[in-house]
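Trainee: Here is what each chain is made of, one letter per residue.
There are 2 protein chains.
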Amino acid sequence: MVAEANKMCTHTVVSIYLNPAQFAKDEDLATYPKNLQHDLEALSQFQIDAIFLPIDSEMYPRGYSTYMQETKLSTVLEGRSRPLFFQGVATVVAKFFNIVRPTHAFFGEKDAQQLLVVKKVVKDMAYPIDIISCPIIRHNNGLAMSSRNSYLSKLEQKAASIIYRSLQDGKNLIISGERNAQTIRDQITQTIMQENLLRIDYVSVTDAETLVEMSGNISNNILVSTAVFLGKTRLIDNFSYSASSNK
Amino acid sequence: MVAEANKMCTHTVVSIYLNPAQFAKDEDLATYPKNLQHDLEALSQFQIDAIFLPIDSEMYPRGYSTYMQETKLSTVLEGRSRPLFFQGVATVVAKFFNIVRPTHAFFGEKDAQQLLVVKKVVKDMAYPIDIISCPIIRHNNGLAMSSRNSYLSKLEQKAASIIYRSLQDGKNLIISGERNAQTIRDQITQTIMQENLLRIDYVSVTDAETLVEMSGNISNNILVSTAVFLGKTRLIDNFSYSASSNK
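The listed protein sequences correspond, in order, to chains A and B.
Under the numbering used here, the residue at position 204 of the first sequence is numbered 215, and the numbers go up by one with no gaps.
Under the numbering used here, the residue at position 81 of the second sequence is numbered 92, and the numbers go up by one with no gaps.
Some clues are possibly wrong.
If several chains are the same, the list does not tell them apart, and a pair holds so long as it fits within one copy or across any two.
To be verified - Each computed DSBU-like pair below joins lysine-lysine, with the alpha-carbon atoms no more than 30 Å apart:
| # | residue 1 | residue 2 |
| --- | --- | --- |
| 1 | 18 | 169 |
| 2 | 165 | 130 |
| 3 | 165 | 36 |
| 4 | 165 | 134 |
| 5 | 165 | 18 |
| 6 | 134 | 169 |
| 7 | 83 | 243 |
| 8 | 134 | 83 |
| 9 | 243 | 18 |
| 10 | 83 | 165 |
| 11 | 36 | 182 |
| 12 | 45 | 182 |
| 13 | 243 | 134 |
| 14 | 83 | 36 |
| 15 | 36 | 18 |
| 16 | 83 | 130 |
Just so you know, the hints here were simulated from the structure itself, not pulled from any lab data.
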């Protein structure tokens, strides 16, 4: 994301903030991996004009009471499993936009639904900002990079690699001509279930824009996504597929 | 408000928009008085750089799904009688801010709660905008100016003048030393009830910042407000009182 910003923009501001508003009480806010020193070192190879490092009492002072809410895309998939998540995301992103006033903002495709929600907020609320999506970056075994991967033991890391393999299986099925959404979901589900350590939260094939779950044959542009538990760790991954471009 | 903007700012943008998002289904959106020609004539005495006249399909296109919500101040008084009102206000104001990007924004004190909610949204969401409050302007008989006054017959206009008189009675009571909130509410209620055409929605004495209804003695800074029905027309009025400054 930062490399992309350096390419597209004259100035780059990086925000590093673990946003409490997007965690429910029973979620992993308290243990969420953070390592500022490591982040700063990783950033040292880029041109950074400013790092925005707010603290909670600045973002959500006592008596804070204002929230941004996207009410359609936010209700499914991650929103169903994590009811507060997208309200927290939309609120903090809008507040960042008001403070930083960027021309472009960069989001990762691993959080595909978050990307869609942010784009919808920007469009609906008329923020003069281009949202740029950045491809998922993966470890050698295929596991999508995520802060939460550091929760995983070596054994779990190996088990987690099947998530990406399951999505590849689903994609290959589509490329080979399969069009039935349930058959695609079943294939992915079967592959994941080969690994006993994984517990499926959802396997989803939706319209890529509306996030409406597909029944019958898939539409032109789809988002195929999954969320799985590995012990207490919840991991997500996805791919988008455009029938017209065949990729 | 425009005169004040002309005094404080190098450029003035006026928005004229009847915002459907702040009306409930059973409210008066369809009949709300609007007269663009009259508005433009009234504006001709001021320096205006631009008039922002959006249409509904630009503000709320098909599939619109994003809302700003203030969750504390919005729940009482007008928010209790009009559950969608402040979500509609906060959303449209935030969207205007994103489009117009003003340095200052001017709001009337007649909608005292709206003013507080907008200030809270600006503070919580870190909009770099100064909110300037502008005093209520009244007709000769004391009635606070409002678009909805045009709903009133001559007879009703006369009856409506008692709203301001009731607030003056309340204020005089405070100035004379009365500190009990209920006694102040009772005085205002009694005055309004002298006019049979009026039906009280609420008479309120709250803390001027939190909008918490006062019991016992009043605090230093209070908002005294009322909403009354005159037939189908709903009218509001208010005054703020600061015990320390005695006004």
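Trainee: Now, for every hint given, state plainly whether the structure supports it.
Mentor: Right, here's what the structure says about each hint:
1. 18 to 169: neither (34 Å within a copy, 67 Å between copies)
2. 165 to 130: For residue 165 and residue 130, neither the intra-copy (36 Å) nor the inter-copy (51 Å) Cα distance is at most 30 Å.
3. 165 to 36: This pair counts as within: shortest intra-copy Cα distance 28 Å, inter-copy 58 Å.
4. 165 to 134: For residue 165 and residue 134, the Cα distance exceeds 30 Å both inside one copy (42 Å) and across copies (46 Å).
5. 165 to 18: neither (36 Å within a copy, 67 Å between copies)
6. 134 to 169: Intra 40 Å, inter 47 Å, cutoff 30 Å: neither.
7. 83 to 243: Answer is within: at 28 Å inside a copy they meet the 30 Å cutoff, but 34 Å across does not.
8. 134 to 83: both (14 Å within a copy, 27 Å between copies)
9. 243 to 18: neither (38 Å within a copy, 60 Å between copies)
10. 83 to 165: neither (38 Å within a copy, 47 Å between copies)
11. 36 to 182: neither (36 Å within a copy, 46 Å between copies)
12. 45 to 182: Classified as neither; 33 Å inside a copy, 56 Å across copies.
13. 243 to 134: Neither, since 35 Å and 37 Å both go past 30 Å.
14. 83 to 36: Answer is both: 23 Å inside a copy and 21 Å across each meet the 30 Å cutoff.
15. 36 to 18: Classified as neither: same-chain Cα gap 39 Å, cross-chain 49 Å, threshold 30 Å.
16. 83 to 130: both (13 Å within a copy, 28 Å between copies)
Hints 1, 2, 4, 5, 6, 9, 10, 11, 12, 13, 15 from the list above are not met by this structure, while the remaining hints are.
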